[in-house]
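> For reference, the chains in residue letters:
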Amino acid sequence: MLYREAGQFKASYNEDQQIFPIRQDRIAIAAIIAFFYLVVPFVASQYWLQAILIPVLIFSLAAIGLNILTGYAGQLSLGSAAFMAVGAFGAYNFMLRVPGMPILAAFVLGGLCAALVGIAFGLPSLRIKGFYLAVATLAAQFFIVWALTKFSWFSNNSSSGVITAQQVDIFGYAFTSPEAKYLLTLAVVTVLALAAKNMVRSSIGRSWMAIRDMDVAAEVIGFRPLQTKLSAFAISSFYCGVAGALYAYTYLGTVEPEGFNLDLSFRILFMIIIGGVGSILGSFLGAAFIVLLPILLNISMHVLGGWVPQGLASNLELIVFGGLIIFFLIVEPHGLARLWQIGKEKLRLWPFPH
Amino acid sequence: MQFFFEVLIGGLLSGVMYALVALGFVLIYKASGVFNFAQGAMVFFAALTFVGVMELGVPFGFALIVTFVAMVLLGVATEKVVLRPLVNQPQITLFMATIGLTFFIEGLAQGAWGASVRGLEIPGIQDEPIAWAMDNWGIGISKFDLFAAIVSALLVSSLAVFFNKTRIGRALRAVADDHQAALSIGIPLQNIWRIVWAVSGFVALVAGLMWGARNGVQFALTFVALKALPVLIIGGFESVAGAIVGGLIIGAAEKLGEVYIGPMVGGGIEGWFPYVMALLFLLVRPEGLFGERHIDRV
Numbered sequence: 001m002l003y004r005e006a007g008q009f010k011a012s013y014n015e016d017q018q019i020f021p022i023r024q025d026r027i028a029i030a031a032i033i034a035f036f037y038l039v040v041p042f043v044a045s046q047y048w049l050q051a052i053l054i055p056v057l058i059f060s061l062a063a064i065g066l067n068i069l070t071g072y073a074g075q076l077s078l079g080s081a082a083f084m085a086v087g088a089f090g091a092y093n094f095m096l097r098v099p100g101m102p103i104l105a106a107f108v109l110g111g112l113c114a115a116l117v118g119i120a121f122g123l124p125s126l127r128i129k130g131f132y133l134a135v136a137t138l139a140a141q142f143f144i145v146w147a148l149t150k151f152s153w154f155s156n157n158s159s160s161g162v163i164t165a166q167q168v169d170i171f172g173y174a175f176t177s178p179e180a181k182y183l184l185t186l187a188v189v190t191v192l193a194l195a196a197k198n199m200v201r202s203s204i205g206r207s208w209m210a211i212r213d214m215d216v217a218a219e220v221i222g223f224r225p226l227q228t229k230l231s232a233f234a235i236s237s238f239y240c241g242v243a244g245a246l247y248a249y250t251y252l253g254t255v256e257p258e259g260f261n262l263d264l265s266f267r268i269l270f271m272i273i274i275g276g277v278g279s280i281l282g283s284f285l286g287a288a289f290i291v292l293l294p295i296l297l298n299i300s301m302h303v304l305g306g307w308v309p310q311g312l313a314s315n316l317e318l319i320v321f322g323g324l325i326i327f328f329l330i331v332e333p334h335g336l337a338r339l340w341q342i343g344k345e346k347l348r349l350w351p352f353p354h
Numbered sequence: 001m002q003f004f005f006e007v008l009i010g011g012l013l014s015g016v017m018y019a020l021v022a023l024g025f026v027l028i029y030k031a032s033g034v035f036n037f038a039q040g041a042m043v044f045f046a047a048l049t050f051v052g053v054m055e056l057g058v059p060f061g062f063a064l065i066v067t068f069v070a071m072v073l074l075g076v077a078t079e080k081v082v083l084r085p086l087v088n089q090p091q092i093t094l095f096m097a098t099i100g101l102t103f104f105i106e107g108l109a110q111g112a113w114g115a116s117v118r119g120l121e122i123p124g125i126q127d128e129p130i131a132w133a134m135d136n137w138g139i140g141i142s143k144f145d146l147f148a149a150i151v152s153a154l155l156v157s158s159l160a161v162f163f164n165k166t167r168i169g170r171a172l173r174a175v176a177d178d179h180q181a182a183l184s185i186g187i188p189l190q191n192i193w194r195i196v197w198a199v200s201g202f203v204a205l206v207a208g209l210m211w212g213a214r215n216g217v218q219f220a221l222t223f224v225a226l227k228a229l230p231v232l233i234i235g236g237f238e239s240v241a242g243a244i245v246g247g248l249i250i251g252a253a254e255k256l257g258e259v260y261i262g263p264m265v266g267g268g269i270e271g272w273f274p275y276v277m278a279l280l281f282l283l284v285r286p287e288g289l290f291g292e293r294h295i296d297r298v
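If you read the sequences in order, they're chains F and S. Residue numbers for the first sequence follow my numbering, so the first one is 1 and each next one is one higher. Residue numbers for the second sequence follow my numbering, so the first one is 1 and each next one is one higher.
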């Protein structure tokens, strides 16, 4: 009853081209955003903000980045964590070496560094596809982590490449409390997520999807594979880079290159598989799922008490992750986002489904 | 010069071990078009199961059989639970499913046998230089490496015979060529897949024994298995010979690179050198040395 499009006429081009063309969607999105800005900081405990909400937001951003590359442009990447590392270390170095650098500009510049590196490692994608490309991105993963550890210039000569993020200061206000950090993260993620949502339905997003669906055909009808693929790599890496900078500045505070290992890349890949490949909403759902799952498993272990042997707990996490991936790929290849869509369809027809 | 040869031979011999892992990838890719990312996890699983069974006080040969049976069961279960429901899905989906499988198998192996590092001894073979080669040529060649090389050579030649001379082998090649054509002349696709997964389980077992005896049975084995990926890129995904040649190239290049290029940039380049080499190689020859050239059609 509530979710009806009937009677919503699009009388102008502007109305036709809105990000959310259905009125209920707009209201819901506005309500959700208002909830996360105005209500959550006051009700959530420090633990929730610091250990759950901030990482979920950051990983959502990284997942959006990977989703642009893998979900929309169809180029599989196993190196997203490395691009996060470039963003984090880039932002750190800009803050360190340029006096009076505004922090948000450092985030953007860190993201741009990641974009440049992404373009460099995306160049082979013009000639190679599929698994071959996946292996090529592994080269990025291992090389970048090695370079950040080996060349101590990146980490200002600290031992084993550990960096400690500077204090976040915007116009003299220090973002030290979890609430402030949360709001900062939320603001960056909201802006970039809306931009991504807009981008994937613009001409650039459509060209990505054309390349994904059949690259030869796309080339024949006039999409340039060079520009299309490289723009996907650049923008995807930019998102990952900004996520990496946030990871260092608002989440952990102290990061080392080894923290951005292959495991993290896989985790981000799992987020988009479970959340939904080729969906911005899915990136959020997937990130929340992957961050919450280990916590839920832990809690259920506690509830079961001594019944589960100690060593099994961490392995059970691996088993559950792996099993879930296979389960989702078999049962719902489009992930949680698709479930949400099905629910919406049902609501639309309810109560007369025929 | 002598030092150069020593490094080169050491590299080639360790390349043989990479080739062993790469072989498992090639087998499955050829027969089912699935890029089985879980091959490394299967190597780990095999080595861990073998050591675990040995610890129960079982003799070497029997432990080998038990592990082999476990690998066959794992392969058959994979075919049934993971691959069959995903028939006709895009290759990338299958690839991601095998990444999930990797996590699953790693968790399963460690959950069943514990995560501690164990040693693995192959009776009669020690990791020590061969005295004869040392005396005559002045080059240190490890007995163990040579043994591994001989085992791989045996494995490859028996696989070659199996593929070319037996009925099942012919069916395997037919399936690899064209699923539908193979089905239409009455080759049971599912059986063939099961056999392939069992065979690659066996290859994983051999590779697991070799790597386990060399580096100890530990989680890091799965990273060694990742090194098989650049091997595949250089050799080509579809070629058994390519896996061997690629393995040798990567092994030799990795060791030579570490010794001669490494000091210039501060060392430790072994971790990424094969990947970057494969990346550069791809720019010149995207289908690998022995891979099939694909023509894109709309």
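One or more of the hints may lead you astray.
In silico contact screen, one side only, chain F against chain S (beta carbon under 7 Å); selected entries [unchecked claim]:
hint : residue
1    : Y47
2    : R127
3    : I128
4    : F142
5    : G222
6    : F223
7    : L226
8    : I273
9    : L329
The calculated label-pair distances, taken between Cβ atoms and stated as ranges, are [what the hints assert, rightly or not]:
hint : chain 1 : residue 1 : chain 2 : residue 2 : range
10   : F       : N198      : S       : S184      : 40 to 50 Å
11   : F       : S160      : S       : L283      : 28 to 38 Å
12   : S       : R84       : F       : I22       : 36 to 46 Å
Hints in this document: simulated from the structure, not taken from any laboratory. Positions of the beta carbon are idealized from the N, C-alpha and C atoms, including for glycine.
> Now tell me, hint by hint, if it's right for this structure.
Tested hints:
Restraint check, F:Y47 versus chain S: the minimum CB separation of about 27 Å is more than 7 Å; hint violated. Satisfaction of the interface hint for F:R127 is found here, the shortest Cβ-Cβ separation to chain S being roughly 5 Å, below the 7 Å cut-off. A cut of 7 Å between beta carbons decides the hint on F:I128: the least distance to chain S is about 5 Å, and the hint holds. For F:F142, the interface hint holds, the least distance from its beta-carbon to any beta-carbon of chain S being 4 Å, beneath 7 Å.
The beta carbon of F:G222 is not positioned within 7 Å of any beta carbon in chain S (closest approach about 14 Å), and the interface hint is therefore violated. Taken as an interface hint, F:F223 does not check out: its beta carbon lies about 13 Å from the nearest beta carbon of chain S, beyond 7 Å. Checking F:L226 against chain S: minimum C-beta separation of about 14 Å lies over 7 Å; hint violated. Given hint, F:I273 at the interface with chain S, holds; its Cβ is 6 Å from that chain's nearest Cβ, closer than 7 Å.
Checking F:L329 against chain S by beta carbon gives a least distance of about 5 Å; that is within 7 Å, so the hint holds. As the Cβ distance of F:N198 to S:S184 is approximately 49 Å, the hint placing it in 40 to 50 Å holds. Taken as a hint, the range 28 to 38 Å holds for the pair F:S160 and S:L283, whose Cβ atoms sit roughly 33 Å apart. At about 39 Å, the beta-carbon gap between S:R84 and F:I22 stays in the expected band of 36 to 46 Å.
Hints 1, 5, 6, 7 from the list above are not met by this structure, while the remaining hints are.
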